[in-house]
Amino acid sequence: MIKKLFSHHETFVFLAIVIFSLIITFINPSFFTLENMFDLLKSYSLMGTFAIGVLFVLISGGIDISFTAIATITGYVIAVLLLQNGEQLNIVTVFLIAGGIGSLLGMVNAFIIYFFNIPSIITTIATLNIYYGILTVLSKGKWLYGFPEWFGKYTQMYVFKLHTANGTPYGLSVITAFWFALLLIAWFILRYTVLGRSIYAMGGNIASAKRAGFNLLKLHLFVYSFMGLMAGFASVIQALLVQTVAPNSLVGKELDVLAAVVLGGASLTGGTGSVLGAVLGVALIAIMGNGLTLMHVPSYWYKVVIGTVILISVGASAYRHKVSTRRRVIIEVE
Amino acid sequence: MEPFLSLKNVSKHYVGVTALNQVDFEIYPGEIHCLVGENGSGKSTLIKIISGTVHADPGTEITIAGEAVHGSQAIDTIHKGIQIIYQDLSLFPNLTVAENIALGQVVASRKHLVNSNELHRIAREAMARIDVHLPMDALVGEISLADQQLVAICRAFTSDVRLLIMDEPTASLTRKEVDALLQVVQEMRSRSIATIFVSHKLDEVLQVADRVTVLRDGKKVGTYPAAELNDEKLTHLMTGKKVTYLPFTPSQNSQQPVLEVRGLSKHGYFKDINFRLYPGEIIGLTGLLGSGRTELALALFGVHQPDSGEILFEGRAVQFHSIPEAMRTGISYVPEDRLTQGLVMNQSVGKNITLTILDFLRNRFNLLDQRKVQTSIRRWVEEFAIKVPSLESPMQTLSGGNQQRVVLAKWIATNPKVLILDGPTIGIDIAAKFSIHETIRALANRGLAILLISDEVPEVLQNTNRILVMHKGRLAGEFVTAQTSLSAIQNLIDHPA
Chain D
1 MIKKLFSHHE TFVFLAIVIF SLIITFINPS FFTLENMFDL LKSYSLMGTF
51 AIGVLFVLIS GGIDISFTAI ATITGYVIAV LLLQNGEQLN IVTVFLIAGG
101 IGSLLGMVNA FIIYFFNIPS IITTIATLNI YYGILTVLSK GKWLYGFPEW
151 FGKYTQMYVF KLHTANGTPY GLSVITAFWF ALLLIAWFIL RYTVLGRSIY
201 AMGGNIASAK RAGFNLLKLH LFVYSFMGLM AGFASVIQAL LVQTVAPNSL
251 VGKELDVLAA VVLGGASLTG GTGSVLGAVL GVALIAIMGN GLTLMHVPSY
301 WYKVVIGTVI LISVGASAYR HKVSTRRRVI IEVE
Chain Y
1 MEPFLSLKNV SKHYVGVTAL NQVDFEIYPG EIHCLVGENG SGKSTLIKII
51 SGTVHADPGT EITIAGEAVH GSQAIDTIHK GIQIIYQDLS LFPNLTVAEN
101 IALGQVVASR KHLVNSNELH RIAREAMARI DVHLPMDALV GEISLADQQL
151 VAICRAFTSD VRLLIMDEPT ASLTRKEVDA LLQVVQEMRS RSIATIFVSH
201 KLDEVLQVAD RVTVLRDGKK VGTYPAAELN DEKLTHLMTG KKVTYLPFTP
251 SQNSQQPVLE VRGLSKHGYF KDINFRLYPG EIIGLTGLLG SGRTELALAL
301 FGVHQPDSGE ILFEGRAVQF HSIPEAMRTG ISYVPEDRLT QGLVMNQSVG
351 KNITLTILDF LRNRFNLLDQ RKVQTSIRRW VEEFAIKVPS LESPMQTLSG
401 GNQQRVVLAK WIATNPKVLI LDGPTIGIDI AAKFSIHETI RALANRGLAI
451 LLISDEVPEV LQNTNRILVM HKGRLAGEFV TAQTSLSAIQ NLIDHPA
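From first to last, the protein sequence lines are chains D and Y.
At position 8 of the first sequence the residue is numbered 8 (my numbering), and the sequence of numbers has no breaks.
At position 111 of the second sequence the residue is numbered 111 (my numbering), and the sequence of numbers has no breaks.
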């Protein structure tokens with residue numbers, strides 16, 4: 001049982017989280033409080049939502065860099081709509097519009113990758129620049145704020161509510177709850193649907209998937225438009241969290257999300273990864289970022305620490321793989 | 001009786017290349033039909049067309065179970081009961097055994113949800129049909145190659161299979177497993193399942209086939225009842241040439257061994273190995289996969305460090321701590337997998353040949369002397385009769401046999417005295433094989449001492465003067481080639497004392 005547990009990458013990430021948490025709490029006890037935890041869950045719902053989409057793409061054997069640009073576009077579109085016709089919209093329509101546009105932009109990626117057979121990394125670097133470039137030209141970099149009142153109240157809406165000693169409310173935000181719901185759906189798709197298992201299969205060996213009669217176009221379309229959907233949702237979460245939409249606030253964060261998902265055990269060569277792993281990867285990044293702040297470490301160190309942790313994590317998992325394969329090829333000698 | 005599958009007038013042109021030219025092919029229910037031909041003869045293209053992953057040129061007529069089909073996709077042929085076991089097995093290493101076996105079936109039945117009970121049930125039924133037992137929840141990437149082969153076969157039995165196509169199914173199996181597989185094939189005949197069997201190994205082909213179709217250069221040579229064929233006739237039909245082997249005898253008679261190994265051991269790899277290799281000799285080294293052959297060779301080439309024992313080179317005790325040391329002393333090793341280890345596939349032929357001798361091609365400024373480079377490339381291409389469109393052509397445009405010759409040229413260019421060849425003809429066809437064998441003999445006649453490692457006992461018998469058999473890391477026996485037989489050696493490999 002224990003042995004099986006340690007064959008999972010997730011176990012190691014979880015242990016790393018526990019160790020970091022202990023160290024941080026030892027230095028600054030305010031880290032390990034419910035208030036701080038709920039706060040972290042709320043603010044990292046953004047990265048967590050991106051991570052779900054990235055996870056799907058990585059499992060399928062591809063990579064997507066363009067999701068921050070997609071989110072920037074969807075965020076800007078809903079911001080403009082909110083400012084112009086804010087009273088005719090509600091939270092559901094906002095999510096639907098952002099998700100719909102995001103899915104369409106993701107489909108564009110899928111079509112290019114599938115029909116022109118261009119590596120996904122090249123395609124999405126190109127579309128990142130195109131999407132982001134067009135938006136910058138059209139928006140002239142202008143920040144948008146001053147959304148309707150109904151849009152602002154979701155930040156302070158809780159599934160359940162507690163109060164600190166001095167009366168400040170905190171609790172499980174509806175934003176976090178929404179992220180949790182997305183996680184559940186993603187977990188169900190990957191685990192219990194033919195579609196999900198087909199994505200794993202395609203990531204494991206795309207030539208075999210073609211021969212086995214999988215519809216590769218459909219799989220590509222699903223994976224990249226799902227990524228776009230998550231990007232669209234994430235842009236609404238971002239707008240809810242900060243109540244401002246700035247064209248330059250998301251692009252540049254692609255690699256952080258990618259790092260979190262890889263940290264959680266997804267492989268860049270495709271075929272592996274889990275929702276639990278992705279959540280743990282995001283959690284580890286969140287805790288390190290928050291912990292360093294609470295320990296009063298200058299923020300410049302943040303990137304150094306993140307980079308080191310990623311290297312150690314990915315290196316350790318590659319080493320375990322190497323050891324396990326070496327054990328297999330050993331020859332029987334009398 | 002009408003044929004289950006019939007193809008008429010199949011042609012396939014790629015830009016500048018004709019892969020298939022007006023080929024007819026048909027197979028009846030319950031028939032075992034072997035498809036043979038050299039590399040590039042069009043076998044794979046024909047299979048891809050049947051599978052629906054490649055579409056033939058217009059004018060082709062395909063009939064499956066009496067129904068004309070046009071532009072069908074992989075999933076359509078699967079629905080019609082055609083299953084293919086590919087040479088590379090086409091498995092998903094990241095999924096479990098049960099998923100690998102059953103997932104295709106679940107996809108084909110257009111279900112949306114999977115549950116592990118159903119996957120297990122489908123996999124269990126498929127396993128039962130050919131009577132094998134595999135761990136359901138093991139990842140396919142972590143089980144042995146032979147088990148992976150069985151997974152691929154089981155997968156073909158998840159649906160109502162009516163035609164099973166096996167592309168080089170025995171390439172990675174031991175003899176025992178081959179026998180078991182051939183038995184499965186025989187049994188399918190009794191259940192009216194048609195089988196197309198593609199193989200390089202002619203003895204297997206003749207053992208199981210009802211009929212044999214021979215392809216050469218994209219054209220059909222003919223279809224023959226297997227009973228009318230033998231090894232020699234089949235080779236002749238495939239290549240259009242007569243291939244005969246003369247026994248190999250060393251042209252030199254030296255008293256001083258160039259390489260001697262005394263009591264060489266490495267824990268977990270090989271134990272107490274003794275042999276001598278004389279100039280001009282070709283020694284065969286055979287044994288089962290995993291018997292320690294390759295590991296021994298790598299120790300002689302400085303990759304592994306032996307724990308105990310001695311290596312003597314021209315009478316001097318030597319120790320190699322690295323590959324360059326072994327190469328400087330005069331030992332070259334040509335690896336087993338020519339495609340992944342021996343060549344840089346997207347680089348030119350010339351660059352590949354000179355890769356090992358760049359040090360000798362420097363001018364006084366320590367830069368590459370292009371004139372020297374060109375001269376030595378031309379010399380080796382000529383010496384090995386490598387057929388290339390130009391010296392700048394990338395390796396991947398060459399045929400298998402020519403690629404293997406480039407590998408040989410690359411290592412001979414270092415001017416070695418001992419050449420270790422590990423499976424030099426794996427996966428290449430008869431004609432290319434024959435010309436590689438001729439090259440090897442020619443090298444030995446020039447005084448090179450050669451250690452030929454091979455799975456194929458006939459290859460070892462045809463091309464060596466002495467044979468060593470390894471078993472579980474030890475030398476199980478030594479034979480003089482002229483005084484032994486196929487069965488004696490095979491017997492020792494399968495049932496060592």
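Do not rely on the hints blindly, as some may be mistaken.
So the derived list for chain Y, only partly shown, Cβ under 8 angstroms to chain D, looks like this [unchecked claim]:
no.: 1; residue: 54
no.: 2; residue: 65
no.: 3; residue: 69
no.: 4; residue: 70
no.: 5; residue: 71
no.: 6; residue: 80
no.: 7; residue: 85
no.: 8; residue: 94
no.: 9; residue: 106
no.: 10; residue: 112
no.: 11; residue: 113
no.: 12; residue: 128
no.: 13; residue: 479
So the derived list for chain Y, only partly shown, Cβ under 8 angstroms to chain D, looks like this [what the hints assert, rightly or not]:
no.: 14; residue: 81
no.: 15; residue: 117
no.: 16; residue: 177
no.: 17; residue: 180
no.: 18; residue: 182
no.: 19; residue: 184
no.: 20; residue: 188
no.: 21; residue: 275
no.: 22; residue: 413
Rather than coming from a laboratory, the hints here were simulated on the basis of the structure.
All C-beta atoms in this analysis are idealised placements derived from N, C-alpha and C, irrespective of residue type, glycine included.
Notebook entry, point to check: Close enough to count: is the Cβ of residue 413(Y) nearer than 8 angstroms to one in chain D?
Noted result: violated, 31 angstroms
Item checked: Minimum beta-carbon distance criterion (8 angstroms), residue 117(Y) to chain D -> violated, 12 angstroms
Notebook entry, point to check: Are residue 81(Y) and chain D close enough, Cβ to Cβ, to be under 8 angstroms, as the hint says?
Noted result: With a closest approach of 13 angstroms, the residue 81(Y) hint is violated.
Checklist line | Evaluation of the interface hint that places residue 70(Y) against chain D, nearest CB under 8 angstroms | finding: Where the cut-off is 8 angstroms and the nearest Cβ of chain D is about 18 angstroms from residue 70(Y), the hint is violated.
Notebook entry, point to check: Against chain D, is residue 80(Y) within 8 angstroms by beta-carbon distance?
Noted result: With a minimum Cβ separation of about 11 angstroms from chain D (threshold 8 angstroms), the hint on residue 80(Y) is violated.
Next item on the list: Answer holds if the nearest beta-carbon of chain D is closer than 8 angstroms to that of residue 65(Y); otherwise answer violated.
Entry: The hint is violated - residue 65(Y) has no Cβ within 8 angstroms of chain D, the shortest such distance being about 18 angstroms.
Notebook entry, point to check: With 8 angstroms as the cut and Cβ atoms as the points, is residue 69(Y) at the interface with chain D?
Noted result: violated, 15 angstroms
Margin query: Let's test the interface hint: is any C-beta of chain D closer than 8 angstroms to that of residue 188(Y)?
Written below: Since the shortest Cβ distance to chain D is 21 angstroms, the answer is violated.
Next item on the list: Identify whether the interface hint at residue 479(Y) stands, where standing means a beta carbon of chain D within less than 8 angstroms of its own.
Entry: violated, 21 angstroms
Next item on the list: Tell me if residue 128(Y) is really an interface residue toward chain D, meaning its C-beta lies closer than 8 angstroms to one of theirs.
Entry: At about 21 angstroms, which exceeds the 8 angstroms cut-off, the nearest Cβ of chain D leaves the hint on residue 128(Y) violated.
Note to self: Quick check on residue 85(Y) please, does its C-beta sit within 8 angstroms of some C-beta on chain D?
What the structure shows: violated, 10 angstroms
Notebook entry, point to check: Does residue 94(Y) pass the interface hint, meaning its C-beta sits closer than 8 angstroms to a C-beta of chain D?
Noted result: holds, 4 angstroms
When each numbered hint is compared with the structure, violations occur for hints 1, 2, 3, 4, 5, 6, 7, 12, 13, 14, 15, 16, 17, 18, 19, 20, 21 and 22.
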